[in-house]
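**Q** Those sequence lines, one after another, are chains E and R. For the first sequence, numbering that gives the first Met the number 0 begins at 0 and goes up steadily by one. For the second sequence, numbering that gives the first Met the number 0 begins at 0 and goes up steadily by one.
Keep in mind the hints are simulated off the structure, nothing from the lab. Only a predicted model underlies this, so the values are computations on that prediction, with no experimental measurement involved. Just so you know, even glycine gets a beta-carbon here, dropped at the ideal spot from N, CA and C.
Reference listing, derived: stretches of chain R covered by chain E, where coverage requires no fewer than 3 residues with Cβ under 8 Å from a Cβ of chain E: (1) 11-24; (2) 63-73.
Result set (BS3-like, lysine-lysine): computed pairs, CA atoms no more than 27 Å apart in a straight line: (3) R:Lys63 / R:Lys39; (4) R:Lys18 / E:Lys177; (5) R:Lys63 / E:Lys74; (6) R:Lys5 / R:Lys39; (7) E:Lys69 / R:Lys55.
The calculated label-pair distances, taken between Cβ atoms and stated as ranges, are: (8) E:Pro66 / R:Glu62: 13 to 21 Å; (9) R:Ile45 / E:Gly160: 43 to 51 Å; (10) R:Leu27 / E:Val136: 40 to 48 Å; (11) E:Glu21 / R:Lys1: 45 to 53 Å.
Residue-level listing of the chains:
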Amino acid sequence: MQASVIVFPGSNCDRDVAVCLEAATGKKPNMVWHGNSDLPDSDVIVLPGGFSYGDYLRCGSMAANSPIMKEVVLKAQKGTAVLGICNGFQVLTECGLLPGVLMQNAALNFVCRNTRLIVDNNTTPFTGLYQQGEEVVIPVAHNEGNYFADDETLDELSGEGRIVLSYVPEDNPNGACKNIAGICDASGRVLGMMPHPERRAETALGGEDGKRMFTGLVEALS
Amino acid sequence: MKATVKITLKYGVLDPQGKAIEKSLGQLGFSGVNEVRQGKLIELDIDADTPEAAEKQITEMCEKLLANTVIENYDIQLNLAE
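So that you can see chain R by itself, here it is in the shape it has in the complex (with noise of 0.2 Å):
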């Protein structure tokens, strides 16, 4: 089962790259673009029987390595087409 886990820095944590991106898309002359966040796209393929079997794996793996809750939020989406 195919699965995207999608990990982004907690509301109100200062985010540099965010920011710089920002500042070079205003240079580029986009102009009202705010709120640029920075995050990161894991995604991996798990052998589950069921997709909530999956989805506590994966909860598991977030908690443990993937993201680090002190800084970071996940969202999984699991792949259920395939």
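So here's chain E without its partners, still in its complex pose (with noise of 0.2 Å):
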């Protein structure tokens, strides 16, 4: 399986996310500059966390206009999976793979801790090897990570089962509506997610909750 991260200006998660993806797949993924407008044959895409463009006019908006987004885009739409974390979530939702929008914490603090979320379906290619309905650990770091859609598009995102995780309600870190951490489109294959399963990825690192994301995409796209 080939992964490829793509690196904006202002990612600051990308090898660690990389080191993530070359434990699961044995394979080192392509790290792909977003000026580029080439993107190699990939089975997933990885948009990783950051202060992409410094998070200028709004969290993921320029990263979204990049040249290489334009290919992602393409790409998601015949199938290649793509998981976008944190600053990857927003630059989901920002080119439109990805409905609703992340705003400034409730709080407007800066979160960075671990939380507790629910795996609301494992049905995706990224979250097979969670139990459906498993409480995992995963930290987050984002000052802008309040998941809001309009009833409508939470309806949706409800009753088609999208809402893929969710915050454990009395640890919803910054008031997100559903106590949404992640969505994935209606394929299942675009997930994006505000915590970062790639800082908890070794035991080392406190524990392995998020590698088994890692794991899961090699079994479900090999």
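Put the complex together from the two separate chains, hints included.
**A** Shown next as structure tokens:
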């Protein structure tokens, strides 16, 4: 399985996620600069966390208009799996692959801590190694993770099982609607999530709850 | 042609920064201040033959980049005096 990681100016979790992808796939991922307009053949494309373009204008808005994103959108529409983590989730909403928007945290604080999450849908290529309803611990680190969408969109997301990860209600770090931590598109192959699985993928980092996202991807896509 | 684009949060979208400003104003002794909302103002100078052409282009800019229409409204003002 071949993975590609898109690197924007200001991405800072690209190398961490590359380590996780290499551990899971046994192959170095392609690191693709945002200014490229060619994307090598990949089974999964990862948009990493960070502060692309310094979060100017709105988080992810500039990155969503990068040359490479045209390719990412085309590949996603053809069925390539796409994982957006944190800033990557913001980019996915800004480019229209996922609905809604990530607003500033309700308490106006940058939140950097472990969160308790429920796996609400284990039928996506990303979550197959988790139990349905399982509680896992994965850290967040963001200032704009407060998921917002209109009621109609929220009903559609929950009705179609597209809320893939949610915060345990008493542990919602940002005020997100319906405690949403991660959603997928209608095909289930585009996932955006605020928590950072790459930051909890080795016991030395406090736990391995995030690791199954990468090993699960290999099982689902190989 | 100079223009300003005013971007505001849609009614009903929670604005935590506006709330924080409102609270601070109250603490400073300004009473009776409600519904504080924070937005953005973007100024630009655009090459266009007519005001209509300028407005059309800026509308496209707002839809594609300047505003996120899921949560934001935009208002375009052309400065025709210059």
